[in-house]
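S.K.: Spelled out, the chains give:
Number of protein chains: 2
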Amino acid sequence: MLKVNEYFGGTVKSVALENAEGTATVGVMEAGEYDFGTATIELMTVTSGLLDVMLPGETNWKTYSKGETFRVEKDVRFKVKANGQVAYYCLYL
Amino acid sequence: MLKVNEYFGGTVKSVALENAEGTATVGVMEAGEYDFGTATIELMTVTSGLLDVMLPGETNWKTYSKGETFRVEKDVRFKVKANGQVAYYCLYL
Numbered sequence: 001m002l003k004v005n006e007y008f009g010g011t012v013k014s015v016a017l018e019n020a021e022g023t024a025t026v027g028v029m030e031a032g033e034y035d036f037g038t039a040t041i042e043l044m045t046v047t048s049g050l051l052d053v054m055l056p057g058e059t060n061w062k063t064y065s066k067g068e069t070f071r072v073e074k075d076v077r078f079k080v081k082a083n084g085q086v087a088y089y090c091l092y093l
Numbered sequence: 001m002l003k004v005n006e007y008f009g010g011t012v013k014s015v016a017l018e019n020a021e022g023t024a025t026v027g028v029m030e031a032g033e034y035d036f037g038t039a040t041i042e043l044m045t046v047t048s049g050l051l052d053v054m055l056p057g058e059t060n061w062k063t064y065s066k067g068e069t070f071r072v073e074k075d076v077r078f079k080v081k082a083n084g085q086v087a088y089y090c091l092y093l
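First to last, the sequence lines map onto chains A and B. If you read the first sequence in this note's numbering, its first letter stands for residue 1, the second for the next number, and so on. If you read the second sequence in this note's numbering, its first letter stands for residue 1, the second for the next number, and so on.
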């Protein structure tokens, strides 16, 4: 059965999948700023919308748009800021 | 509140979104063959996995992979076949 995950009081929702490409989720976040933690390396790709990202050790936001991917290391925290609803694909390495 | 949709007894689940790019869903389908209907023109992009598609009037399956998009007209039915779990982004025009 496909698993639906909810975070931050339902303002981020995702559906998990696993196939030949690996273990991943696709999801949507409402406009807002979020502080995420990682348990594995994550490759996060923006599917729709614009996502500002501040990775560990960085002090500036960098904007990622449709089709762009950023990598987040294992066991860190990072910040994202969505100005509108943003869809993403997150692959767990 | 983000809306989660379930189809075909939960073997297809999606999350709806709306932003500057339009109204869309991101979702996952379990391995299987599905017959979908459209209420608008749909632009469907494979986010992960391989999806065989048979559009109205066609008699052969065509395989779409990660990043590829197909267009489905309004008020038609079309078939898709997922060999494993497939993630997609569907934009409603």
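The hints are simulated quantities; they were obtained by calculation from the structure and are not laboratory data. Heads up, a few of these hints could be off.
The list makes no distinction among identical chains, and a pair is therefore deemed to hold if it is satisfied within one copy or across any two copies.
What the hints assert, rightly or not - Simulated crosslink set (SDA-like; lysine to any residue; CA at most 25 Å straight-line): (1) Lys3 / Pro56; (2) Lys3 / Trp61; (3) Lys62 / Glu33; (4) Lys74 / Met1; (5) Lys62 / Val4; (6) Lys79 / Met1; (7) Lys3 / Thr59; (8) Lys74 / Gly84.
S.K.: Next, verify each hint and record whether it holds.
M.R.: Hints, one by one, checked against the model:
1. Lys3 / Pro56: neither (29 Å within a copy, 31 Å between copies)
2. Lys3 / Trp61: For Lys3 and Trp61, neither the intra-copy (31 Å) nor the inter-copy (29 Å) Cα distance is at most 25 Å.
3. Lys62 / Glu33: The answer is within: 14 Å in one copy meets 25 Å, while 40 Å across copies does not.
4. Lys74 / Met1: Answer is neither: 27 Å inside a copy and 30 Å across each miss the 25 Å cutoff.
5. Lys62 / Val4: So Lys62 and Val4 fail the 25 Å test inside a copy (28 Å) and across (29 Å) alike.
6. Lys79 / Met1: between (30 Å within a copy, 21 Å between copies)
7. Lys3 / Thr59: neither (35 Å within a copy, 34 Å between copies)
8. Lys74 / Gly84: neither (27 Å within a copy, 27 Å between copies)
Checked against the numbered hints given earlier, this structure breaks hints 1, 2, 4, 5, 7 and 8; the rest are met.
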